[in-house]
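Build the full structure now, drawing on both the sequences and the hints.
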Amino acid sequence: MAFSKDKGSDKKKGLCKIAADSDMSIYAAAENHEALISFYTEFNNFEINLSAVEEIDSSGIQLLLALKHSAEKDGKQMTLNSASSPVSEVMDVLNIKGQFNWSDK
Amino acid sequence: MIVDDSSSVRTVVKATLMGAGYNVIEGVDGRDGISKLTGQKVHLIISDVNMPNMNGIEMVKEIKQMPAYKFTPICMLTTESEQSKMDEGKAAGAKAWIVKPFQPPKLLDAVSKLILP
Amino acid sequence: MSDENDYLAEGRQVFAEESTELLEQSESILLRLEDEPDSDELINDLFRAVHTIKGSAGIFGFDDVVAFTHVAESVMGMLRDKEITLNEDLMSLLLDSRDQMSDLVQQVIETPDEPLPEKVRETGDGLLAKLQQYLDDGAPIEMVIASGNSQVEAKEITSNGNTSASEQVSSDYWHISLRFNRNVLANGMDPLSFFRYLNTVGDIVNMTTLSTELPLLAQMNPEESYLGFEIDLNTSATKEAIAEVFEFVLDDCALHILPPRSKIADYTVLIDALPEENMAIGEILVATGALTRDELKEALESQDAQTVTETVDDGEHESVEVVSKPQLGAVLVEKGMADTRVVDAAVNKQNKVKEAKKAEQQSVRVNAEKLGDLINLVGELVISSAHTELKAKETDQSELMETAEHLTRLVEEIRDATLSLRMVQIGDTFNRFKRVVRDISKDLNKKIDLEISGGDTELDKTVVEKISDPLMHLIRNSLDHGVELPDVRVANGKPETATVKLEAYHDSGSIVIEISDDGKGLDPDVLVAKAIENEVIPENHQLTLPEIHRLIFAAGFSTAEEVTSISGRGVGMDVVNKNIDSLRGQISVHSELGVGTSFTIRLPLTLAIIDGFQVQVGSSSYVIPLDLVEECIELDDQHAETKKGEYVALRGEVMPYLHLADVFSEGLKDGQERHRNNIVVVQYAGQKTGLVVDELLGEHQTVIKPLGQVFQNLKGISGATILGSGEVAMIIDVPTLVNRMTSVSKENKDSKSFH
Numbered sequence: 109m110a111f112s113k114d115k116g117s118d119k120k121k122g123l124c125k126i127a128a129d130s131d132m133s134i135y136a137a138a139e140n141h142e143a144l145i146s147f148y149t150e151f152n153n154f155e156i157n158l159s160a161v162e163e164i165d166s167s168g169i170q171l172l173l174a175l176k177h178s179a180e181k182d183g184k185q186m187t188l189n190s191a192s193s194p195v196s197e198v199m200d201v202l203n204i205k206g207q208f209n210w211s212d213k
Numbered sequence: 002m003i004v005d006d007s008s009s010v011r012t013v014v015k016a017t018l019m020g021a022g023y024n025v026i027e028g029v030d031g032r033d034g035i036s037k038l039t040g041q042k043v044h045l046i047i048s049d050v051n052m053p054n055m056n057g058i059e060m061v062k063e064i065k066q067m068p069a070y071k072f073t074p075i076c077m078l079t080t081e082s083e084q085s086k087m088d089e090g091k092a093a094g095a096k097a098w099i100v101k102p103f104q105p106p107k108l109l110d111a112v113s114k115l116i117l118p
Numbered sequence: 219m220s221d222e223n224d225y226l227a228e229g230r231q232v233f234a235e236e237s238t239e240l241l242e243q244s245e246s247i248l249l250r251l252e253d254e255p256d257s258d259e260l261i262n263d264l265f266r267a268v269h270t271i272k273g274s275a276g277i278f279g280f281d282d283v284v285a286f287t288h289v290a291e292s293v294m295g296m297l298r299d300k301e302i303t304l305n306e307d308l309m310s311l312l313l314d315s316r317d318q319m320s321d322l323v324q325q326v327i328e329t330p331d332e333p334l335p336e337k338v339r340e341t342g343d344g345l346l347a348k349l350q351q352y353l354d355d356g357a358p359i360e361m362v363i364a365s366g367n368s369q370v371e372a373k374e375i376t377s378n379g380n381t382s383a384s385e386q387v388s389s390d391y392w393h394i395s396l397r398f399n400r401n402v403l404a405n406g407m408d409p410l411s412f413f414r415y416l417n418t419v420g421d422i423v424n425m426t427t428l429s430t431e432l433p434l435l436a437q438m439n440p441e442e443s444y445l446g447f448e449i450d451l452n453t454s455a456t457k458e459a460i461a462e463v464f465e466f467v468l469d470d471c472a473l474h475i476l477p478p479r480s481k482i483a484d485y486t487v488l489i490d491a492l493p494e495e496n497m498a499i500g501e502i503l504v505a506t507g508a509l510t511r512d513e514l515k516e517a518l519e520s521q522d523a524q525t526v527t528e529t530v531d532d533g534e535h536e537s538v539e540v541v542s543k544p545q546l547g548a549v550l551v552e553k554g555m556a557d558t559r560v561v562d563a564a565v566n567k568q569n570k571v572k573e574a575k576k577a578e579q580q581s582v583r584v585n586a587e588k589l590g591d592l593i594n595l596v597g598e599l600v601i602s603s604a605h606t607e608l609k610a611k612e613t614d615q616s617e618l619m620e621t622a623e624h625l626t627r628l629v630e631e632i633r634d635a636t637l638s639l640r641m642v643q644i645g646d647t648f649n650r651f652k653r654v655v656r657d658i659s660k661d662l663n664k665k666i667d668l669e670i671s672g673g674d675t676e677l678d679k680t681v682v683e684k685i686s687d688p689l690m691h692l693i694r695n696s697l698d699h700g701v702e703l704p705d706v707r708v709a710n711g712k713p714e715t716a717t718v719k720l721e722a723y724h725d726s727g728s729i730v731i732e733i734s735d736d737g738k739g740l741d742p743d744v745l746v747a748k749a750i751e752n753e754v755i756p757e758n759h760q761l762t763l764p765e766i767h768r769l770i771f772a773a774g775f776s777t778a779e780e781v782t783s784i785s786g787r788g789v790g791m792d793v794v795n796k797n798i799d800s801l802r803g804q805i806s807v808h809s810e811l812g813v814g815t816s817f818t819i820r821l822p823l824t825l826a827i828i829d830g831f832q833v834q835v836g837s838s839s840y841v842i843p844l845d846l847v848e849e850c851i852e853l854d855d856q857h858a859e860t861k862k863g864e865y866v867a868l869r870g871e872v873m874p875y876l877h878l879a880d881v882f883s884e885g886l887k888d889g890q891e892r893h894r895n896n897i898v899v900v901q902y903a904g905q906k907t908g909l910v911v912d913e914l915l916g917e918h919q920t921v922i923k924p925l926g927q928v929f930q931n932l933k934g935i936s937g938a939t940i941l942g943s944g945e946v947a948m949i950i951d952v953p954t955l956v957n958r959m960t961s962v963s964k965e966n967k968d969s970k971s972f973h
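One line per chain: the protein sequences are P, V and B, in this order.
Heads up, the first sequence is in the numbering used here, so the first residue is 109 and it goes up one at a time.
Heads up, the second sequence is in the numbering used here, so the first residue is 2 and it goes up one at a time.
Heads up, the third sequence is in the numbering used here, so the first residue is 219 and it goes up one at a time.
Keep in mind that the hints were calculated from the coordinates and are not lab data.
Computed from a predicted structure; not experimentally measured.
Where a beta carbon is used, it is the ideal one built from N, C-alpha and C, also for glycine.
The reader is advised that the hints may include incorrect statements.
Stated by the list, open to error - As a list, the in silico DSS-like pairs of lysine-lysine whose alpha-carbon atoms are at most 27 Å apart: (1) Lys71/V x Lys42/V; (2) Lys107/V x Lys457/B; (3) Lys91/V x Lys457/B; (4) Lys652/B x Lys796/B; (5) Lys107/V x Lys71/V.
Stated by the list, open to error - Selected chain B positions facing chain V (Cβ under 7 Å, derived; list incomplete): (6) Gly406; (7) Asp408; (8) Leu410; (9) Ser411; (10) Phe412.
Written out as structure tokens, the structure is:
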């Protein structure tokens, strides 16, 4: 499972379209983390589609934030899009939406 | 999931939680709790400490070793005289507790602190 | 579904028993508190008892009980925390509150689905209003102290020339700062769920999620927690209530809670305490509105205040003040956290005390019926083993006899142990009277001390239960009729405060309970006049003083010149007498005019088993309670043929005797010869009486089987037992026979004297 590369990814452009897994809870955190790391080394522009996310907790948010930190440091790009309602809810509670770049807003 | 050897406690807990819209499965002791748990998706385990077959502390230790459940919050039902048991439970990984006797609202409070929507 | 109902019903039953016990406990604690108002332990116990009632009532949704108990508990909590002190008014209020709780509990148990009766509700509302006064009086003081404190401190610091940091920030919101430990997620705790819950406590006005501690993607452990949170909360909840939201993660997080309008200095220390860079965190606080930019500036500047002011201030005195300042600040924040820590420590200590207590009085609740069954079975066992021993003796095999004897000994031990299960101390019953005495003496404007001794004397639970009402009546009687008003007492040279003594002790197989007062005593003239007026005795009837005193037990006799609300309840002393009779007990009265009255109640220890002395009368076996048997003597022939009601000289003493064969109309078996030469001397309540029997059969352990309804009115028999041989033997009711004896002899004497 975990995060997967979408078809639109383009290695030459360095663009990586990522479809977030339905599970972004602590149970999937290790797998998701591993997947993100592998993408991170190969690409420098990340678009993460969050539409499939059914479960997300602090650990899921942390992953996204860590990716953002790394991207900022390394001059890479990262955008999010299509937040599912669980993602929206959690981001609202943490008041954290504004910390990310959204390609669909 | 509620694990308690006292059927009346299970009944009260189950009735309270189901009234609040949660699904509840029951285990009568630690051993039974683990076998009932297997294969189920559980968001919270509420367990008594003193039980036959496998007590609550042992059960917690075992659950914490199960990859599918190691992050599941566990809430111990303790009595006020079981302070040492509570510390043992915390060490084993059950970080939440409800002191018996409890009022249903208290149970629901604790549950909503532990379960994500 | 029906199962659930069953569980709830069962649970309710447990609740009923538990709360009754706790309420009794509360009452006795309250009464003990009157004597030791400073006992922290008692106050703690009281609080705990009421707390438990509230808790269990909550489980079963007895909201009326919870609502009232909660307020009472709060006041007791204030008492425990020494915010208020126990005075007479509060004591009365708490006692009344206890009664109300008791009424409420009874109400919800008996009619759980009906609304409270108007009367109970009204009483409750009245008490609540009074209780609330304590809470209101206490709470504002607390608040005044809280706000006053910061003002005082503000002034003090101002005088030290360091104004800025002491000023209050303008924010109206609570500020919560949270840093979770790395392992909090692994423990199954998610900050998110706590925030969701926090929303039920107040409005989260501002939430800032900090990821400054979060490492880069490659370096992070995805199962650890790195986030921090700064929250502004709009709520009227207390700091404790806010902290409680995070109770499960207190071990796993650093939590700072600053109340609205905290001093800037507090923020300074907060900023210092947080792991993030000062300026960064400061900016966040400004962004969230917790601090204004000016306030932040002051806060950050005051971090260096120490060195700055030290150089500015020239007085030694001042510099000392200033040097100590950071510590003061640290103390302030420590205070913020200390709340929970202090509470934890206190809870820990309480729990330890509780554990110790639990260990002391660990007990198992057993259904009385089961215990009754056990005692019955043990009774059968005693009989069986006696039979076995008997049969073993017949075989003349020494080994068998030895085994049988050993068995009998063990069985006796089992019997004693079993009976002791039903033994309870009479102290609880006694303590209940403290309340009665207290209330009644207030009503009557009398000053009365109740002295209790021998509360640890044990007797059978059934006896204790049944003796409670008669005792209550006797005490009411003493208070009402015995004890004089204070001015009368003083005029008679007695101390203003009367003493009523309640005493229990063991005496030769019985328990004796004495109720005595130092009141005006029984007036024989008044008693006789009253007895004649009420046609209890004919006119010109000659009576001894003890007999006159006993008149108060006669049916239809009442000495009260006016029927009072205290003892004039239609139940007379005759009922007391009957109640005690039914317990195989005896009551006697001793009184001296002007000095006082004392009642002595003698009761058997248990109603279940007695050691008996078996005798043969005619064709039947009878058992005489061994406790009452003094000795056995031979009756010489000339006396043997005389009829009932005669006397025999016993070592120079005249003793009446009675032919049991006549009393019970026992005929002879065919070919049986009547011996009639043995007298069993029994003594009861100081009176010796001889019982003439045909044959002495020896000691015999007897399990009393109550007689059926048919035999209920059989005089002189208190029960039956089954002998080892399977034969039924009647147990002789010695008190009744002795009484009959004395009245018979009285008649004889009277008839003689009036001849």
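Taking the hints in turn, this is what the structure says about them:
{"no.": "1", "hint": "Lys71/V x Lys42/V", "result": "12 Å, holds"}
{"no.": "2", "hint": "Lys107/V x Lys457/B", "result": "18 Å, holds"}
{"no.": "3", "hint": "Lys91/V x Lys457/B", "result": "25 Å, holds"}
{"no.": "4", "hint": "Lys652/B x Lys796/B", "result": "25 Å, holds"}
{"no.": "5", "hint": "Lys107/V x Lys71/V", "result": "25 Å, holds"}
{"no.": "6", "hint": "Gly406", "result": "3 Å, holds"}
{"no.": "7", "hint": "Asp408", "result": "6 Å, holds"}
{"no.": "8", "hint": "Leu410", "result": "6 Å, holds"}
{"no.": "9", "hint": "Ser411", "result": "5 Å, holds"}
{"no.": "10", "hint": "Phe412", "result": "6 Å, holds"}
Every hint from the earlier list agrees with this structure, and none is contradicted.
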